[in-house]
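Novice: Chains as they are written, first to last, in the numbering used here: chain Y, 1 to 273; chain A, 274 to 694; chain E, 695 to 967.
Calculated directly from the structure, the hints in this document are not laboratory data. There's no promise every hint is true.
Straight line, CA to CA, 30 Å or less: simulated BS3-like cross-link-like pairs of lysine-lysine [said to hold, decoys possible]: (1) E:LYS961 with A:LYS494; (2) E:LYS956 with A:LYS506; (3) A:LYS506 with E:LYS722; (4) E:LYS956 with Y:LYS11; (5) E:LYS713 with Y:LYS240; (6) E:LYS801 with Y:LYS11; (7) A:LYS338 with A:LYS529; (8) A:LYS439 with A:LYS494; (9) E:LYS952 with Y:LYS11; (10) A:LYS540 with A:LYS338; (11) E:LYS713 with E:LYS801; (12) Y:LYS244 with E:LYS956; (13) A:LYS494 with E:LYS952; (14) E:LYS722 with E:LYS956; (15) E:LYS713 with Y:LYS244; (16) A:LYS506 with E:LYS952; (17) A:LYS429 with A:LYS529; (18) Y:LYS240 with A:LYS320; (19) A:LYS448 with A:LYS338; (20) E:LYS722 with E:LYS952; (21) A:LYS552 with A:LYS338; (22) Y:LYS240 with E:LYS722; (23) E:LYS713 with Y:LYS11; (24) E:LYS722 with Y:LYS11; (25) E:LYS956 with A:LYS494; (26) E:LYS961 with Y:LYS11; (27) A:LYS494 with E:LYS962; (28) A:LYS338 with Y:LYS244; (29) A:LYS378 with A:LYS324.
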Amino acid sequence: MAVSESGSDSKLGSGADLRFLSRIFDFAVALIVLMLLMAAFHVHAMLTIGDWDFWVDWKDERFWVVITPVLLITFPAAFQYIFWENFRLPFAATLCLLALVLAEWITRVTAFNMWAYMPFSMVWPATLIPGAIVLDLVLMLTGNMLMTAIFGGMAFGLMFYPGNWPMLAAFMQPVDVHGSLMSVADQIGYTYTRTSTPEYLRIINRGTLRTFGGSAAPVSAFFSAFLCIIMYMIWWQIGKFFCKLITIPNVLRTHMGYGQEEKPNEGDLPLKA
Amino acid sequence: MKLERLVFALLALTLFVTAVPASVLAHGERNQEPFLRMRTVQWYDVKFPDKREYAVNDLIEISGKFRMHYDWPQVLEKPGEAATFLGIAVPGPTFTREALDINGKPVPTSTNDILIGHDYDFRVVMKARRPGDNHIHPMLSIEGSGPIIGPGIEVKVTGSQDDYVKSSQIMTGEKIENLETYNLTTVVTWHAFWIAVALSWALYWLARPLLIPRFIMVHNKEWDRLITPTDRKVGVVLLVSVISVVIGAYVYTDMKYPTTIPLQGGKTIVNNTPMIEPKITVSVDRGEYYVPGRTLTVVMNVTNNADAPVRLGEFMSANLRFIDSSVPAAVANVDSAYPTDYALVGSLKVSDNSPIQPGETRSIEAIASDTAWERERLVGMLRSPDNSFGGLMFFFDDAGNRYIANVGGPILPNFQKSTGE
Amino acid sequence: MASLDTAGTVETSKTKTPKMWFWTSPGKMFLAMAVIASGWLIQRWYQQWAGWEFGMDSTHPDFQFYWMNLFYFNLAFTAALGIGIWSYLWLTRDRDMVNLAPREEVKRIFNFVGILTCYVFAVYWAGSFFAEQDAAWHQVAIRDTSFTPSHIVLFYGAFPLYIVLGITSYVYAMTRLPIYSRRISIPLTMAVAGPFMLMPNLGFNEWGHAFWAFEEIFTAPIHYGFVIFGWTALALGGVLMEVVNRFVNYLFPTIYGKDFAKELTDKKSPMSL
């Protein structure tokens, strides 16, 4: 880390002092954002797509492929609004999915494996980092919400399945279990007992009427891409909504030495350029 | 006493004791509503192994029969319409599932063929994975009803979890040495790779002044200073690289694993056997539960349509077997390996248990009395909005033949007066 | 607390002030985080030990002893902590906020950021670490009562703690910071009240599990209340904007002079890589 360029002038009220303060503020906010994402985005993820992410025998080509990107483009879109509109920072989506995957790995290790003794081959999480980086880069290069929704959102949906296939493919090889055809993933789910999650609870592709070229995944990915575009636009607006600087009168203000009259804060005003 | 235990708990906290021998716990089944246990799946003729101590990797088999109760609770979905899955009630993967059969056929997935009123043979084979003392039970999960647990035994497993092996054979030839670690290197490597890429991209931005200077520049519309031409170049390179890696890895994986199948979620077909026409019918006049005495009294009319005289030998409900010790065939029907917690010999008294002749209808009073009602938390039926009981009555003739009758009906609590034994 | 300098313009005195004059409490913040982390790791360890030994049958006397006592402890501890901190903050509030010196306000903003950091850190344990752990424990025990080894720590320990810290940050802001005391900020209110609502939402969760949800599926609609209230964490983006606005519109010009923007944007910052 470099010190201030002039080196000497870090006195109170100096420019160097101000830059130092501003930099410390950056780090403080970065820490909050990372932990916030690990908490809030993870709650959102585990309660909307959790079961598909927990278990290898839920990672199907119909629901998992569609639902996961659609529900995980949410926070990235909202955070991109906050960080792009105000700061022109193009790494919000990447940060979201990075925080998510870190938080997931922590619980897969400490809870699923160390407490419930589930094997890792059963409980590894999926990753959406490649799609998130593309989402950020499209935003950075186009600087436009609509273009990001269309091209970035589409890429986010389309890249999910191929991005995870290198990890998943081996688990989709066929095995013969007591005369029934199963994938390795099915066999893992069958073998390692989940006491409260019987097999029928799996929301997976249970027989498709018609698929193109024998695989449902590309169609699902394409559908997901479509939904991601819409979801991105909705969540951009949600990000906007949560950042609206709205205030209402404080009835307790006289207790802090304010007068009876309501005056806005100087900080409430938009910045004068 | 309390203080001692508190001190012990605190001591344990600080000493990081990982394995303190303790009594084997049930794992939640006693909190299921009594009607869920009494009026759904009637497990009977369950055969347990004699052995109660196993090493890791040993196989344990439980087999027997279950009957789907005729008076299925209205609040639950009907089996048949609802999917059913045969499993084992064990604390998570301490035991793994090796084989699950219904009527001699493997049921690896769920089935919609389990129907009300029918009897089924079942067999579950489990393999010990983790050392410890545990309850193991067969279990039938029914969609919308949840897990219905059969009788269970306590077993002790010794050894080390590290020795547990589960191998598999892929149909294209490759052998999986250990399902628990299969393909893990690939999974972890890819995660590490993408996390590294994401971290680099985040640090690329975190390395420069972020929030307040950029906020000011945004308002001053100094676009080129916010996203510099270098940033754009880096961005294009990264964009092309990420997309290429994803496509390249996908194509490579497809070549490496040419034969893959989707997850198999089809329903298994179970061969149903015809319903058994009951030779003995029971019609309940009055069911009464005497609270202080932990006694269920059933006044009922029994009609014998069999060819031989019969006596009531056993009343079974919620896995508890109340057995009349004066009926030798009923006592002989209890397997030596059957857990004594459930087989309550001598707990059933019948008002007039002389043989009921073929063609005869007789009103008898069956009194099932044991503290097990309390222990298994079945007294909760008195607080249930659907206050009724259910179970099976087993009648025996002199030749030792057994006749099963369904029984069930409303129940009245009796908080005070003696049953008049 | 007396203000450091009331003029609020460029510092001229020769007295030596620490470089990080604007943030006097980062040590306290990290200490608080370490205490939170150790508290939860100890309870995590307790789960490891007492969960398997005494935690699977709530009808057993051992369960009453080892687990219900932890339940009472967690509730009592967090309640006492909350009442203590909130009372202290209210009783020592600034009763003359109109005359607050700018430098003092900057310090308080950094203290506020520190409290928010602890709050978000506590949300992490509740929303991610112990929440996903609950999914793992449900695969070990059959759905028991509302009290299980994971619920007792998650719902009655980790939830109350972050609620305590959330309200603490709110009370601190209300009693110390002009931007939050003159008028009520909607983003800050949402960022505290929204996650708080996860606790009352438990009522819905347990009611549903008592009457119709007998099986464990994490993505069930019965859990969506947690998801929606979790979204309110995004309102911290609004809080960030309020703070940045206050800095740029009032505090920096007052402390560093009108040319503060040039200092920030035209010179290389210290601590940049």
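Novice: Each hint: holds or not?
Specialist: Evaluation of the provided hints:
1. E:LYS961 with A:LYS494: holds (18 Å)
2. E:LYS956 with A:LYS506: holds (27 Å)
3. A:LYS506 with E:LYS722: violated (43 Å)
4. E:LYS956 with Y:LYS11: holds (17 Å)
5. E:LYS713 with Y:LYS240: Roughly 36 Å separates the two Cα atoms, so the pair is violated.
6. E:LYS801 with Y:LYS11: holds (16 Å)
7. A:LYS338 with A:LYS529: Between LYS338 of chain A and LYS529 of chain A the Cα gap is close to 46 Å, so the pair fails against 30 Å, i.e. violated.
8. A:LYS439 with A:LYS494: violated (63 Å)
9. E:LYS952 with Y:LYS11: Holds: LYS952 of chain E and LYS11 of chain Y sit about 18 Å apart, inside 30 Å.
10. A:LYS540 with A:LYS338: holds (21 Å)
11. E:LYS713 with E:LYS801: holds (13 Å)
12. Y:LYS244 with E:LYS956: Satisfied, since the Cα-Cα distance of roughly 27 Å is no more than 30 Å.
13. A:LYS494 with E:LYS952: Since the Cα atoms of LYS494 of chain A and LYS952 of chain E sit roughly 19 Å apart, the hinted pair holds (cutoff 30 Å).
14. E:LYS722 with E:LYS956: The hint is violated at about 33 Å.
15. E:LYS713 with Y:LYS244: Given that 30 Å is the threshold and the Cα spacing comes to 34 Å, the pair is violated.
16. A:LYS506 with E:LYS952: violated (36 Å)
17. A:LYS429 with A:LYS529: It is violated: about 43 Å lies between the C-alpha atoms, which goes past 30 Å.
18. Y:LYS240 with A:LYS320: violated (64 Å)
19. A:LYS448 with A:LYS338: This hinted pair is violated, its Cα atoms lying about 36 Å apart.
20. E:LYS722 with E:LYS952: Given pair LYS722 of chain E, LYS952 of chain E is violated - Cα atoms ~33 Å apart, limit 30 Å.
21. A:LYS552 with A:LYS338: Given that 30 Å is the threshold and the Cα spacing comes to 19 Å, the pair holds.
22. Y:LYS240 with E:LYS722: This hinted pair is violated, its Cα atoms lying about 33 Å apart.
23. E:LYS713 with Y:LYS11: Holds: LYS713 of chain E and LYS11 of chain Y sit about 8 Å apart, inside 30 Å.
24. E:LYS722 with Y:LYS11: holds (24 Å)
25. E:LYS956 with A:LYS494: Holds. LYS956 of chain E to LYS494 of chain A sits at ~14 Å (cutoff 30 Å).
26. E:LYS961 with Y:LYS11: Holds, at about 16 Å.
27. A:LYS494 with E:LYS962: Holds: LYS494 of chain A and LYS962 of chain E sit about 19 Å apart, inside 30 Å.
28. A:LYS338 with Y:LYS244: violated (64 Å)
29. A:LYS378 with A:LYS324: Distance of about 26 Å is within 30 Å: holds.
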